[in-house]
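Residues per chain, in single letters:
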Amino acid sequence: MQLHHYLLFSALLFAVGLAGALTRRNAILVLIGVELMLNAANLNFIAFWRFLPEAPAMHGLLFVLFTIAVAAAEAAVGLALIIAIYRHYRSTQVDDLRSLHG
Amino acid sequence: MEIPFAILTALTLVSALAAMSLRNLVHCALCLALTLAGLAALYLQLGAQFAGFAQILVYVGAVAILVVFAILLTNRGDQAAATRAPARSWVTGAGIAVAVFAVLARVILTSSLATGHPMVDRGSPTVKDLGMQLMTQYVLPLEVIGLLLTAATLGAVIIALPEKKTPAAAAPNH
Amino acid sequence: MIADLLNGIGLLLWRVVSDQPDAKGALLPVLPAVLQPVVSAVLSVAPIIGVFASLFALTTLLERKGLGRIQNRLGPNRVGPFGILQPAADGLKMLTKEDIIPRSADKVVHFLAPVCLAVPTLLAFAVLPYGRNLVPLDLDAGLLFFFAVGASTELSIFMAGWSSRNKYSLLGAMRAIAQMISYEIPLIVSSVTVVMMTGTLSPMHIVEHQAGFIWGFIPHWYVLTPWGFAGFVIFTIASLAESNRSPFDLPEAESELIAGHLTEYSGFKYALFFLAEYLGMFAISGLGVTLFLGGWHAPLPGLEWIPSFVWFFGKLVSMVFLFIWIRGTVPRLRVDQLLNLAWKFLLPLALINLVVAAVWHFTAVWTFPGALVVRWLLGAALIGGPYVLLGSALSGAKKNTLRVYRYAT
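Chains as they are written, first to last, in our numbering: chain A, 1 to 102; chain B, 1001 to 1174; chain C, 2001 to 2409.
Chain A with its partners taken away, still in its complex shape (with noise of 0.2 Å):
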């Protein structure tokens, strides 16, 4: 395997998550297309550890690891946002939330 072959396959992971997240209108849909797209991000971290010679040597794993504190910061926040803003509205429909709609 080659590390293109990593790369293309995080690059198509990476839009599909971005063609979920602008067509879908569930806001935790939208969420989880973002997680898709930070996972793929994350798989070529990896990738790039574990190709490049000129790497340092743990640079990539840590930032994964880093990462992936970060994305579940971001889902537990995301989340209780989707939930308040059902609590509000009653809809997780992004569509929905229009009031600030000029």
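It is possible that part of the hints are untrue.
Residues of chain C placed beyond 12 Å of chain B at every Cβ, according to the derived structure [what the hints assert, rightly or not]:
id: 1; residue: L2005
id: 2; residue: V2017
id: 3; residue: M2094
id: 4; residue: V2388
No farther apart than 35 Å at their CA atoms in a straight line, the calculated lysine-lysine pairs in the DSBU-like style are these [stated by the list, open to error]:
id: 5; chain 1: C; residue 1: K2024; chain 2: B; residue 2: K1128
id: 6; chain 1: C; residue 1: K2097; chain 2: C; residue 2: K2065
id: 7; chain 1: C; residue 1: K2344; chain 2: B; residue 2: K1128
id: 8; chain 1: C; residue 1: K2097; chain 2: C; residue 2: K2107
id: 9; chain 1: C; residue 1: K2167; chain 2: C; residue 2: K2093
id: 10; chain 1: C; residue 1: K2093; chain 2: C; residue 2: K2107
To give an idea of the chain C side of the interface with chain B (calculated C-beta under 10 Å), a few residues [unchecked claim]:
id: 11; residue: V2109
id: 12; residue: L2112
id: 13; residue: V2115
id: 14; residue: T2153
id: 15; residue: Y2168
id: 16; residue: M2174
No wet-lab data here; the hints were simulated from the structure.
As the structure is a prediction and not an experimental result, all values here were calculated from the model.
From the three backbone atoms N, C-alpha and C, an ideal C-beta is built for every residue, glycine too.
Following the hints, position chains B and C against chain A.
Chains B and C only, in chain A's frame:
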């Protein structure tokens, strides 16, 4: 090496597509969990043991559970079906995604960095090495992550608390 | 050829029984090269499945017998002498029952749930050290692996509860997940103390660190240190909750929820859930034995000639017996009591226990006579004080007063 990679990527990609296109939200969440587990398997295949296990522990064990809890809390029971976007915005979104992928793929394939590198033998970094690095060179990011997680936990709890109509009257004294 | 094979098998068995390294190496060179990886994998996996499946059958019988004794009755005694064939009868009953799928169920998820539960539970057994040279898979991050596969069982419980389209199933599954997530934190934090003291995540090395004896006869197990004892108690309580055992069996509280997420399962699928539940209990007891009870080490010097795996399984069975005993004596908690216990009591204590472990570690340089006793008392005070204070603060909110009846006279 080729066949496991093909199986894993196919599985991950199909479940990612399913997670983004199925109608039932819970099915989407379960497919997301499968995608994330597939990615963890890819990490393991690349020799990143700690990251792979951490991925399973955090994503499959916690984030996927959070997502299904949120789905059940925001959609009553069986009406978890999501409405589809109108055709025009669907085409636009998919078009943008395809364009992004095309640009990325072109950059990857023309880059001198991406092709022609064999896998570097980095040994397998032990957990001890990782811990040493985290406690020396990366101690500041580690502390910041700790702070961020604390803030996120508190923030999530406060945001998800039920809204109070009038703060003063809401808490009777016992 | 045949003679070589028999010789190899004999040598393999001898090496296992007599605790010698490289048991598989006795048989593999005899075989053709194509078969070697397959046979090697089978030799690692088959004993685990065989041993723990028979332990499961044995435990179901002993649990019913034990509960019967605790409740002053006989327990199963009809099938075979003293009822020892009861597990076979139960198994046959389970397998021949009709497999019912509710009409409105989500059929795919309903089918996948028991499989998704059984597979990670079996995977967890891969990293436990069963004997001096009996470690199926020595992972550097073995403990993390154990917790990762343990965490992935929660999703399958959700799958079971949600796909059944039954309110009791869903409520039971939600209770189970809330409980498992809450107790996972004290479980992991109490195990982290051991990781701190040994500096490794590999269960095999953790056991090796507990070798030797203090003053020639007290085993150097972590349960005999103040932080280890507190950690072991927290770990045991949390693992009772993780394996949904009484007094934490709210997810399948019969009087409230029929059978929780198992309500709509029958026949073979129900048997799989049942098996996975017991296997999970064995796995987590095995981890407790590995972390705190010295793994496969003998309790007294001079007993090392007994094969190491005998000690491991002896300790494992004692843990299981403790679980059965607790089930027979302690009443079930309420949901709020359950969550309060995890978040307000066990988690702070587990965090304080980290400090106690650090104190123990840094006072290891003390060399004056009686230093060990002083360190022990210091550690016990550091963990015992918060235990008493937290306990009285949490239970002291409700003082025992004379009950006032508003409507009755």
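Query raised in the report: Okay, which hints does this one fail, numbers in order?
Result: 13 and 15
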